[in-house]
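J.: Chains as they are written, first to last, in the working numbering: chain A, 1356 to 1559; chain B, 143 to 363.
Please note: incorrect hints may appear among the correct ones.
[Stated by the list, open to error] Covered stretches of chain B (in silico footprint by chain A; criterion: 3 or more residues with CB under 8 Å from a CB of chain A, positions within the stretch not fixed): (1) 195 to 204; (2) 210 to 219; (3) 224 to 233; (4) 239 to 248; (5) 251 to 258.
[To be verified] Quick list of simulated restraints, FRET-style, between CB atoms: (6) A:Thr1390 - B:Ile204: 38 to 46 Å; (7) A:Glu1454 - B:Pro309: 54 to 62 Å; (8) A:Glu1431 - B:Gly315: 50 to 58 Å; (9) A:Asn1492 - B:Leu324: 42 to 50 Å; (10) A:Gly1417 - B:Ile188: 32 to 40 Å; (11) B:His266 - A:Ala1518: 33 to 41 Å; (12) B:Leu302 - A:Leu1437: 50 to 58 Å; (13) B:Val307 - A:Arg1491: 28 to 36 Å; (14) A:Asn1492 - B:Ile188: 37 to 45 Å; (15) A:Ala1463 - B:Ile215: 24 to 32 Å; (16) A:Met1455 - B:Leu322: 42 to 50 Å; (17) B:Glu261 - A:Met1455: 17 to 25 Å.
[To be verified] Quick partial rundown of chain A residues pointing at chain B, CB under 10 Å, derived from the structure: (18) Ala1359; (19) Leu1380; (20) Leu1437; (21) Gly1444; (22) Ile1481; (23) Ala1483; (24) Gly1531; (25) Met1545; (26) Gly1548; (27) Ala1550; (28) Gln1554.
Keep in mind that the hints were calculated from the coordinates and are not lab data. As the structure is a prediction and not an experimental result, all values here were calculated from the model. Every residue gets a Cβ at the ideal spot worked out from N, C-alpha and C, and that includes glycine.
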Amino acid sequence: MSDAWSLFVFAAFVDNMPLTLFLGLCTFLALSRRTESAFGLGIAMTGVLGVTVPLNHLIYQGLLAPGAWAWAGLPELDLSYLSLIAFIGVIAATVQLLEMLLDRYFPAVHAAFGVFLPLLTVQCAILAGSLFMVERNYSLGQSAIFGLGSGVGFAVAVVMLSAIRARLAYADLPAGLRGLGIAFVLAGLMSLGFASFAQMAAAP
Amino acid sequence: MAERTDFWATLTDPLIRQNPVTLQILGICSALAVTTTLATALTMSISLTIVLTLAAAIISMIRRHIPDTIRLIVQIVIVASLVIVIDQVLQAFFADISRALSVYVGLITTNCLVLGRTEAFARHHAPLPAMIDAFGNGLGYSLVLIVIGATRELFGKGQLLGAQVLPLATEGGWFTPLSLMLLAPSAFFLLGGLVWAVRSIKAEQIEPPEHTPPVRPEPAE
Chain A
1356 MSDAWSLFVF AAFVDNMPLT LFLGLCTFLA LSRRTESAFG LGIAMTGVLG
1406 VTVPLNHLIY QGLLAPGAWA WAGLPELDLS YLSLIAFIGV IAATVQLLEM
1456 LLDRYFPAVH AAFGVFLPLL TVQCAILAGS LFMVERNYSL GQSAIFGLGS
1506 GVGFAVAVVM LSAIRARLAY ADLPAGLRGL GIAFVLAGLM SLGFASFAQM
1556 AAAP
Chain B
143 MAERTDFWAT LTDPLIRQNP VTLQILGICS ALAVTTTLAT ALTMSISLTI
193 VLTLAAAIIS MIRRHIPDTI RLIVQIVIVA SLVIVIDQVL QAFFADISRA
243 LSVYVGLITT NCLVLGRTEA FARHHAPLPA MIDAFGNGLG YSLVLIVIGA
293 TRELFGKGQL LGAQVLPLAT EGGWFTPLSL MLLAPSAFFL LGGLVWAVRS
343 IKAEQIEPPE HTPPVRPEPA E
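Same shape as in the complex, but just chain B (with noise of 0.2 Å):
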């Protein structure tokens, strides 16, 4: 039983508490190029959580036979790998969401979550429980996403994976559409106020203050 509470935490901690995106500020450069629309999101998100999971679970497997001083290249070499098999399975069933990811498929090799994850989860932990935080970490990562990709796609379009859902003033709707969301400033904007929200209410993890004001001296009479 004390196992499974464990699996359990290893693979809810990600989500909120641990999050990788808000908190550990890891993965943000995909998180917010690719979240325009919500199928991008979440093919993105799904991509990400499948390269995590089997990387964590081979780098688990070799860990004992990976000599330290060249293990960031094993990683990278193991990860571009399973990146190029996702990239071509992408190109061939999914042509067009694939243009709309352009090269950021491609750097989910550099992302730096997965690499985070291999290096400080995986590489001292057995197979299971390191596929169990990865995917707890895509997981994370996922949600992050597909509320930044909803949020952006139906404010700024009106549409939610490409169907009408507000109708459209120009189109004898009352919905104008943000044009906003959809340019680079608003993933910002959304991403950080996602952040305060998160920390608005786990006030554990807001950062100490880097610096204390002096203290004023009362004006002297």
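The shape of chain A in the complex, shown without the other chains (with noise of 0.2 Å):
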């Protein structure tokens, strides 16, 4: 129990997706203006990330990973080149259903943040969260904990950001600096803050 706790806080704090690793920044940047938008996006990539990355742990383990054919008397097929398409095929799909899924069930929580839904699928930490669990080979737990865990830290992190530009709205910058410039500056510091978050949980 604490090793999936720890997993969890270190996919939430210490790997923080945008603040240190500088992944899916580009929504991370483009959506952060209004806390409402950025707290629809932070849903949003939970959602996606927790059912995405033991998805796609179940397909590379099932299909692509060497040796996954070997009960078909292909013990040394090894296709995980394949995983990229995979993956990203299965990323579109489930944005794809989950959309579906909130537009019949839940149309207010569809409405809330339904433009972000579709921008999901070319989303750099959604695909990064399923190339990471490849990588640190992580079990099917492991997975949906560590898909969940690096959901709720960008939602927070995204969450963080819109409320600090919001107060800035009406201070007096340097022209230059207005818009992307100052979003930089200010993810440089919440990135510094994070930075104290590296003692909380080592890597499991």
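Fit chain to chain and form the complex, with the hints in mind.
T.: Here it is, written out as structure tokens:
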């Protein structure tokens, strides 16, 4: 249990996707102007990461990993080079499915962040979640926790950044720093803050 | 002649005036993650430029045959196939750099820069201009990566491309490495500073203020 918790903390705070690993920065910066959209993005990220990472784990271990086809008499078959295409396909399909499910059963939620869902197909952080899962050899349970943790970490970071940016809306910044420039500086300061989480949990 | 200036403008515009990283907010993820040393920044720039140019060419060639509804999937699959090739080549011939880049080569697939340019430009243009536009954007991206990568390696380790440029204080020189430069926050600060510098020179890129503060009425005496 404590292992699971420390993996969660590690994924959410120590290896924070946008602030420590620079993943998903495009949406991180583009959608953090308003707190509502940041919140929607955070929830969507958590959902999609929590589903796709374990799903891709099953597909990788069942079909693509070296030796996965041993039962069919092909122990030397190594399809792992196909994993990029497979992962992207799974992510695109999951996003589409999630969108349809939300539209059918939770129209209010869908309306709240429907715009961001299709964007998530090309979100680096989501694909990176699956790639890290392969690189670090997580088990099925670990990958589920890792996916959820990364999503929560992303959500926390993006909501915090949007709150700071909202406070700065009236600030008198140098003209060249307005918008993108100050967002980078803020992200850098937050990243400094998140660096202090590094001692909280060791990489499992 | 007019043709040629058009091509020239398509090629040079993305370098600074329309730079994909500092103006269009495209492809930032990988721009920051791989810039701890100049060597990884260079490898990443070259890989991305190749993938971008080839993807633009292929997508532009088949642009009339892709149904609009599934074009995103088609584009992603084309990009992913190219990335797999690059990834395998790097693993085969540059094993060290490939390990240093870890998952970020694979992430070229979802680099918003690639999809952004194929979606915004290659889909509507003939192969040649599409390739030139893609190549120009690749160069603009490389420019940012190389500037940040060189700065971080120079001040973080006193090295450039692994060769000691500034003599270290521990070895009798005068330079004390700034280890902050090798950590994540410095990349954000440097890119923020770069954006500020570019916008100070190119004033037309400055974003309009989101809110104008209300004019305070003069206090009545």
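J.: Could you say whether the range 28 to 36 Å given as a hint is met by the Cβ separation of B:Val307 and A:Arg1491?
T.: holds (35 Å)
J.: For the range 33 to 41 Å, tell me whether the beta carbons of B:His266 and A:Ala1518 fit it or not.
T.: holds (39 Å)
J.: A range of 42 to 50 Å was offered for this pair. Does it hold for the Cβ distance of A:Asn1492 and B:Leu324?
T.: Distance hint for A:Asn1492, B:Leu324 is violated at roughly 27 Å.
J.: Let's test the interface hint: is any C-beta of chain B closer than 10 Å to that of A:Gly1444?
T.: Status holds, d = 8 Å.
J.: Tell me if the interface restraint on A:Ala1483 is satisfied: Cβ within less than 10 Å of some Cβ in chain B.
T.: holds (6 Å)
J.: A:Met1545 was flagged as interface toward chain B. Is the shortest Cβ-Cβ separation under 10 Å?
T.: Result: holds, 8 Å to nearest chain B Cβ.
J.: Against chain B, with CB atoms and a cut of 10 Å, does the hint on A:Leu1380 hold up?
T.: OK, holds: A:Leu1380 within 10 Å of chain B, min 4 Å.
J.: Against chain B, with CB atoms and a cut of 10 Å, does the hint on A:Ala1550 hold up?
T.: holds (6 Å)
J.: Are there three or more residues in the region 224 to 233 of chain B whose C-beta lies closer than 8 Å to some C-beta of chain A?
T.: Held - the region 224 to 233 of chain B has 4 residues with a Cβ nearer than 8 Å to chain A, which meets the minimum of three.
J.: Check the following: the C-beta atoms of A:Met1455 and B:Leu322 are separated by a distance inside 42 to 50 Å.
T.: Because 47 Å falls inside the window, the suggested range holds.
J.: Classify the hint on A:Gly1548 as holds or violated, based on whether any CB of chain B lies nearer than 10 Å to its CB.
T.: holds (9 Å)
J.: Should the interface hint for A:Gly1531 be scored as holding, given a Cβ-Cβ cut-off of 10 Å against chain B?
T.: holds (4 Å)
The structure does not agree with the numbered hints 1, 9, 12, 14, 18, 28 stated previously, though it agrees with the rest.
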